[in-house]
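Novice: Sequence lines, in order, name chains A and B. For the record, in the first sequence the residue sitting at position 122 is 104 according to my numbering, with numbers rising by one throughout. For the record, in the second sequence the residue sitting at position 89 is 96 according to my numbering, with numbers rising by one throughout.
There's no promise every hint is true.
Said to hold, decoys possible - With a Cα cut of at most 25 Å, we get these calculated PhoX-like pairs of lysine-lysine:
(1) Lys130(B) to Lys11(B)
(2) Lys1(A) to Lys45(A)
(3) Lys45(A) to Lys187(B)
(4) Lys11(B) to Lys45(A)
(5) Lys182(B) to Lys11(B)
(6) Lys45(A) to Lys56(A)
For the record, the hints were derived by calculation from the structure and aren't laboratory data. Predicted, not measured: the structure shown is a model, and the values here were computed from it.
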Amino acid sequence: MGLLTLSSPHTHGPNSTGKVMATVALACLPGIAVMTAFFGWGTLINLALAIATALTSEALIVKIRRRPVSFFLKDNSALVTGLLLGLALPPFAPFWVTMVATSFAVVFSKQLYGGMGNNPFNPAMVGYALVLVSFPVQLTTSWALSGQMSGMDTASFSDTLQIIFAGQKELADAFTGATPLDAYKHLIVKGTATDVLAEDTFNGWLNGGWEWMNIAFLAGGLVLLWRRIITWHIPVAMLAALSLCSLVIGWDEDMYTPLYLHLLSGATMLGAFFIATDPVTASTTPLGKLIYGAGVGILIYMIRTWGAYPDAVAFAVLLMNFAAPFIDAYTQPRSYGHEKARRGLPEKD
Amino acid sequence: MATKSLHDISIDGLWNNNPALVQLLGLCPLLAVTGSVVNAMGLGLATMMVLVGSNFSVSLIRNHVPDAVRLPAFVMIIASFVTVAELIMQAFTYELYEVLGIFIPLIVTNCVILGRADSFACKNPLIPSVLDGFMMALGFALVLIVLGAMREVLGQGVIFSDMQLLFGPAAASWKIELIKDYPDFLFAILPPGAFMAMGILIALKNVIDDQLKQRAEAQQAPTESGSKRVRVTGKIS
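Sequences are here, hints too, so could you generate the full structure?
Specialist: Laid out in structure tokens, this is it:
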């Protein structure tokens, strides 16, 4: 009777980077489906363009750096960068905006820092921030109206292609409009909450497309939690901090954007589960993740409320990326065999 | 200090010890005004005038100024030349002077100038000092112009716009529109774009230096024993 003696560990992790990233991409599918249903073909075209650009730039730069191309393409991280950018950019953004954002994200904010795992900033958000700062007009006027809100069908496939690739301004004007967050902030100055919510952009509870989109990304995020790709710390801390700010500071609907718009509009859920949780650029210790998530939430509230940009997830995540290494250094857990946790920055030799 | 040959001084200023790419001096004006070629040229020329003038004067007085007060003396000289440059610009290129604004008077704080005065001109005779000032300034100006061109093309899709500010009305037609209906790429126009373009230039210089070094090493490598010489003459049959 042969007895095999196996030494620990007896379980093995089936997760490679490629698989983790593929799961993240799959978890985006409900969100993509809802966005396409409500906002038309723009999202899908953006996604295809962004992913193609991301993979091409990654392959090119890996080739220049004389590293194995297929190995780095197979880790799917460029795919996810392209995917997140395709989702984050407005559905009717001109094609060159998407291409500039994606290639900058991959080349400058990821590969120039040393590639996968070495980038201090979330590549997708760097690309987004770049085009948001550079092309404010295109980035704020290219948001699609959802079919339900405008009371008409979303732009047809050929119309969408024309808007994105040929820059058909007149055609675009019919299908684009302000996002709910932006609209609320600007209209609430003039009227009360009831007046504002009567506007076309809002069209009642759960009718605008934005709410369903966020719920879909929440569902995708729960899948990530269930598959243990991410832990609960960052999303929970971020959403809690955002809610707390909104309840304490913005309790008056006639002056500030109400809580449900903060949670279910803009990129909140995409940000909480897919962007802020990036394993490379976020905090890694449990306590650090809570602080990091809360920081993102507070910054989102501040930039949305007092800033000039329509949404804030990109800037909030990037600002907390700056802080992540320090948060990590001061929140190290006690490791086994030590009486006290070693915290603080490592001393210089 | 061993005297360097005039050739070495030139190569140092233009490439090996380029004030912008290697010493990283004078970054503030470098990053602030390189939004277009004409701005870069304007600042480059003004800096060149000041640097040549200050190196010239510092070299002249180098044996008469006590060490303890040399820096104040140099700064006085530099400040006078900056004032001269400023007045000349006001007289001949007033619009450009307005565009460059505070960065013309700020040349006085440009570390390149005081640096060259203290590390070169006060230890060397007249002609090497003047050449050093000229070559350093030329190296600085060339980097400014390349940066300006990069940012103008990337930011606005044009190159050589507004050259009439520097070269008179005839130069107004030098503007070349590379891309029609180019949407302004604000990132390239704003300072972050300058940092990034600067980083790319420095990286390019390092790559070129590396390759030159490798090539030189390959040429100097001793022949391995037992290796055969390749016949490079005669017919291959």
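Novice: Any of the earlier hints contradicted here, and which numbers?
Specialist: As far as the earlier hints go, 3, 4 and 5 are violated by this structure, in ascending order.
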